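Given the structure of chain C, go ahead and fit chain V onto it with the hints provided.
Chains C and V supply the protein sequences, listed in that same order. At position 43 of the first sequence the residue is numbered 43 (our numbering), and the sequence of numbers has no breaks. At position 143 of the second sequence the residue is numbered 1143 (our numbering), and the sequence of numbers has no breaks.
One or more of the hints may lead you astray.
Far from chain C by the CB rule (all over 12 Å, computed), these chain V residues [said to hold, decoys possible]:
{"no.": "1", "residue": "K1002"}
{"no.": "2", "residue": "K1014"}
{"no.": "3", "residue": "S1028"}
{"no.": "4", "residue": "C1056"}
{"no.": "5", "residue": "Y1071"}
{"no.": "6", "residue": "G1076"}
{"no.": "7", "residue": "A1091"}
{"no.": "8", "residue": "K1103"}
{"no.": "9", "residue": "R1186"}
Beta-carbon label-pair distances, calculated as ranges [said to hold, decoys possible]:
{"no.": "10", "chain 1": "C", "residue 1": "V65", "chain 2": "V", "residue 2": "S1146", "range": "29 to 37 Å"}
{"no.": "11", "chain 1": "V", "residue 1": "C1056", "chain 2": "C", "residue 2": "K25", "range": "46 to 54 Å"}
{"no.": "12", "chain 1": "V", "residue 1": "E1105", "chain 2": "C", "residue 2": "K107", "range": "31 to 39 Å"}
{"no.": "13", "chain 1": "V", "residue 1": "C1056", "chain 2": "C", "residue 2": "D50", "range": "40 to 48 Å"}
Dumping the calculated DSSO-like pairs for lysine-lysine here, alpha-carbon to alpha-carbon at most 30 Å [as the list claims (entries may be wrong)]:
{"no.": "14", "chain 1": "V", "residue 1": "K1161", "chain 2": "C", "residue 2": "K107"}
{"no.": "15", "chain 1": "C", "residue 1": "K107", "chain 2": "V", "residue 2": "K1002"}
{"no.": "16", "chain 1": "V", "residue 1": "K1002", "chain 2": "V", "residue 2": "K1103"}
To be clear, the hints were calculated from the coordinates, so they are not data collected in a lab. If you're wondering where the values come from, they're calculated on a predicted model, not measured in any experiment. Just so it is clear, CB atoms sit at the ideal spot from N, CA and C, and this is done for glycine as well.
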Amino acid sequence: MIIQLFVTLVCVLILFKAFGVYRKKEVRFFTFFIWSLFWILAIILVWQPDLTNYLARFLQVTRGVDAVFYLAFTLLFYLIFRLMVRIERLDQEITSLVKDLALLERKVHDSNKRNSL
Amino acid sequence: MKIAVFIAAYNEEKMIEHVIDDVHTVMSNIIVVDDGSTDTTYQRAEQKGVVVLQHCINRGKGVAIRTATQYALEHGVDILIHFDADGQHHANDIPKLIEPILKGEADVVLGSRFMHPQDSNAPFWRTFMLKGAILFSWIFSGIMLSDAHNGLRAFNRHALKSIIIREDGFTYASEILDEIRRLTLRYAEVPVTITYSDYSLHKGQSSWNAIRIAYRLFWRTFFLK
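Bound conformation, chain V alone:
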């Protein structure tokens, strides 16, 4: 069974090598999509000897996921794991993440930082925003999860082939939930550890971005569907 880890990177020259080294401790197949970085992210990832695909301009994480998924499917990948490039995910969560798929119990596995909240060092305001996001995605997708889009997920081949992502930006995460419901895919949540650092908080989604995402969801729901 071919398992690969996909890392979307945009201007991550400070962390990308560290993240690749961390993932390499548990997985050998790594796909990095450099989403039009203007720094040395591409060169640094290339030097690590992993597969690197490069977008000529920045198009957003949703597009990076589509690029990686198509590459993975064309190269016979059976399980694809989404892993962040900012160092907030831990490679030792990967075996837990793929376990329900290997056992044939789920098509999609989502990491949750709130199943074991003691493992999360999320700041209060971030936790508050995330709880709101959980409610929001429940209203829009009809799927109630214990966490909202922390980016650590695993998909089996069936899910990779069936899920259609149209969104370019971060709204893709809500789209994945919509697709899980539409395609009646089996999903599971597993506890994972998310470590917040000044770097990842600076690089990650700002709380104001939640408003933009809400607007995109509204636009997509009422005008594009």
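Chain C extracted, bound-state conformation:
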């Protein structure tokens, strides 16, 4: 019972946080919707753990809780991979900006005819 209340509280807090960032337009509606769905589902499963047995049967796993863990791990690793790829892309964009800015500043400098090659 205590763990159910605790998990529910955490999920509700995250839902509030998700709504907060959506209201500030920091995330798109689709992202907010998917995350809200995920946390609402987590609350439902915490209070109705038997529902996971349907999932377990479908995935041919013995226990419902195991099925949830397998799926959660898969999802987490996928998200980490996506984040890494996204960080890599952002990194490349920053690099490109820094390089172009340096060249542009030098062009302005060179137009004043100082220390050009």
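Chain V only, in chain C's frame:
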């Protein structure tokens, strides 16, 4: 023929003037890329009257090379030499380095400290790590060299235009070898002298960094190519 020396500098206020003076004894065209230094590197290089490009934040040597290469190509440079800012390279190696390009025998020339090992004062553990790096870069690039990335290199215009560097950090050196193989560029090695000082050992690549570079190579090979 326009020949320029490129020096990438990050917090090199102690050495940059000395290095520029040394290079000036053999070359007049010098491009310094200050890679977001937080000290007076930029001001000191500017006072020397050379071309200085400044990155607003530190992005790594691979990016400094891209910036310098683009600037050099836009300004009609025919040969670009990479030279370190920590004082471990010697300007009197530059004529030897560009000779195979001037003779039309190579597109890329790489300096090697192990062709005349008596000229190197590399500490034992550094030599050991370097031999491992030679093997490592041979496995990844398929090019067997006598030295691993000492930073002293020369490129002709064709190589400058063709080589694409994507890596920001020190993995760019392995990328250059990959590109030499991919583009079937002609390459040569010439003996050069690398002088290790407490300063250059402190500023240079730590041996632990080799692990990071290996990880980057792995990531690049399997996820970014």
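Checked hints:
1. K1002: Violated, since 7 Å does not exceed 12 Å.
2. K1014: Non-interface label stands for K1014(V): nearest chain C Cβ at 22 Å, farther than 12 Å.
3. S1028: 10 Å, violated
4. C1056: 6 Å, violated
5. Y1071: It is violated; Y1071(V) is separated from chain C by about 6 Å at its closest Cβ, not greater than 12 Å.
6. G1076: 8 Å, violated
7. A1091: At roughly 18 Å from the nearest Cβ of chain C, A1091(V) sits farther out than 12 Å, so the non-interface label holds.
8. K1103: The claim stands: K1103(V) keeps its Cβ more than 12 Å from every Cβ of chain C (closest is about 24 Å).
9. R1186: Given that every Cβ of chain C is farther than 12 Å from that of R1186(V), nearest at about 26 Å, it holds.
10. V65(C) <-> S1146(V): 29 to 37 Å: Between V65(C) and S1146(V), where Cβ atoms are some 59 Å apart, the hint is violated.
11. C1056(V) <-> K25(C): 46 to 54 Å: With Cβ atoms ~28 Å apart, the hint is violated.
12. E1105(V) <-> K107(C): 31 to 39 Å: Between E1105(V) and K107(C), where Cβ atoms are some 35 Å apart, the hint holds.
13. C1056(V) <-> D50(C): 40 to 48 Å: 58 Å, violated
14. K1161(V) <-> K107(C): 20 Å, holds
15. K107(C) <-> K1002(V): Holds, because 19 Å separates the two Cα atoms, which is no more than 30 Å.
16. K1002(V) <-> K1103(V): Holds, because 15 Å separates the two Cα atoms, which is no more than 30 Å.
Of the numbered hints given earlier, the model fails hints 1, 3, 4, 5, 6, 10, 11 and 13; all others are met.
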